[in-house]
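As they're listed, the protein sequences go chains A and B.
Throughout the first sequence, residue numbering follows my numbering, covering 327 to 437 in sequence.
Throughout the second sequence, residue numbering follows my numbering, covering 125 to 234 in sequence.
Derived by calculation from the structure, the hints in this document are not laboratory data.
Rough simulated footprint, nothing fancy, chain B against chain A, three-plus residues with beta-carbon under 8 Å:
(1) 359-370
(2) 375-383
(3) 422-431
List time: in silico SDA-like cross-link candidates among lysine to any residue, alpha-carbon distance up to 20 Å:
(4) B:221 to B:175
(5) A:366 to B:131
(6) A:335 to B:163
(7) B:180 to A:424
(8) B:160 to A:430
(9) A:335 to A:403
(10) B:221 to A:377
(11) A:367 to B:170
(12) A:367 to B:165
(13) A:344 to A:387
(14) A:367 to B:209
(15) B:191 to B:151
(16) A:335 to B:168
(17) A:344 to A:372
(18) A:366 to B:232
(19) B:221 to A:383
(20) A:366 to B:134
(21) A:366 to B:133
(22) A:344 to A:394
(23) A:364 to B:165
(24) B:160 to B:172
(25) A:367 to B:229
(26) B:221 to A:372
(27) B:160 to B:201
(28) A:366 to B:129
(29) B:160 to A:433
(30) B:194 to B:221
(31) A:367 to A:386
(32) B:221 to A:382
(33) B:192 to B:151
(34) B:221 to A:386
(35) B:160 to A:370
(36) B:160 to B:140
(37) A:367 to B:164
(38) A:366 to B:165
(39) A:348 to A:405
(40) A:366 to B:163
Backbone N, C-alpha and C define an ideal beta-carbon position, used for all residues, glycine too.
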Amino acid sequence: DTEVTQTPKHLVMGMTNKKSLKCEQHMGHRAMYWYKQKAKKPPELMFVYSYEKLSINESVPSRFSPECPNSSLLNLHLHALQPEDSALYLCASSQEFSPLHFGNGTRLTVT
Amino acid sequence: GEDVEQSLFLSVREGDSSVINCTYTDSSSTYLYWYKQEPGAGLQLLTYIFSNMDMKQDQRLTVLLNKKDKHLSLRIADTQTGDSAIYFCADYTGGFKTIFGAGTRLFVKA
Numbered sequence: 327d328t329e330v331t332q333t334p335k336h337l338v339m340g341m342t343n344k345k346s347l348k349c350e351q352h353m354g355h356r357a358m359y360w361y362k363q364k365a366k367k368p369p370e371l372m373f374v375y376s377y378e379k380l381s382i383n384e385s386v387p388s389r390f391s392p393e394c395p396n397s398s399l400l401n402l403h404l405h406a407l408q409p410e411d412s413a414l415y416l417c418a419s420s421q422e423f424s425p426l427h428f429g430n431g432t433r434l435t436v437t
Numbered sequence: 125g126e127d128v129e130q131s132l133f134l135s136v137r138e139g140d141s142s143v144i145n146c147t148y149t150d151s152s153s154t155y156l157y158w159y160k161q162e163p164g165a166g167l168q169l170l171t172y173i174f175s176n177m178d179m180k181q182d183q184r185l186t187v188l189l190n191k192k193d194k195h196l197s198l199r200i201a202d203t204q205t206g207d208s209a210i211y212f213c214a215d216y217t218g219g220f221k222t223i224f225g226a227g228t229r230l231f232v233k234a
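Could you build all of it, start to finish, from the sequences and the hints given here?
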């Protein structure tokens, strides 16, 4: 069982929809991450929150909007996505200088 | 920028040992990781090694690190069909950034 929980597991949305991905961890980790993974590729870093503040934004388009309501929760708000945004979105958490712990991801399809 | 490279495919017979190789460019690596990804799942941390170590063994897994050549390997003893997955080598470069290799797809033939 993963200690990082992501919901939903699957999401299909149209290009005009607004949806949100959710992530929760209870390991006391102070850093939380969003990664995007296309098929047969490694994960690509999107955002990092450290102590609930946005530390890294890897030049992600504004149609992706992260939010960290508290130290255990991380959201990714989606709006006006494109079909090429279809991917597996992975949440991870860690302490600094410690391994990443990943959730099982949300499989997103944009139609 | 820093880079991590690994071969894309490996095929072994059940019961044999598997060796997955990785090279990295970061001279100041502190941690190197191996992750496993099964279909439809996230990445599972298998093991990791500090840069001041040469070897780490954990049950069927052996990690060897040659820091001079910047070469990392993962050996899986007595490989089983359940080991079929994608294995990612990863280098923690600091500042919350981890560089992943492209992943090695391991096929285990019964």
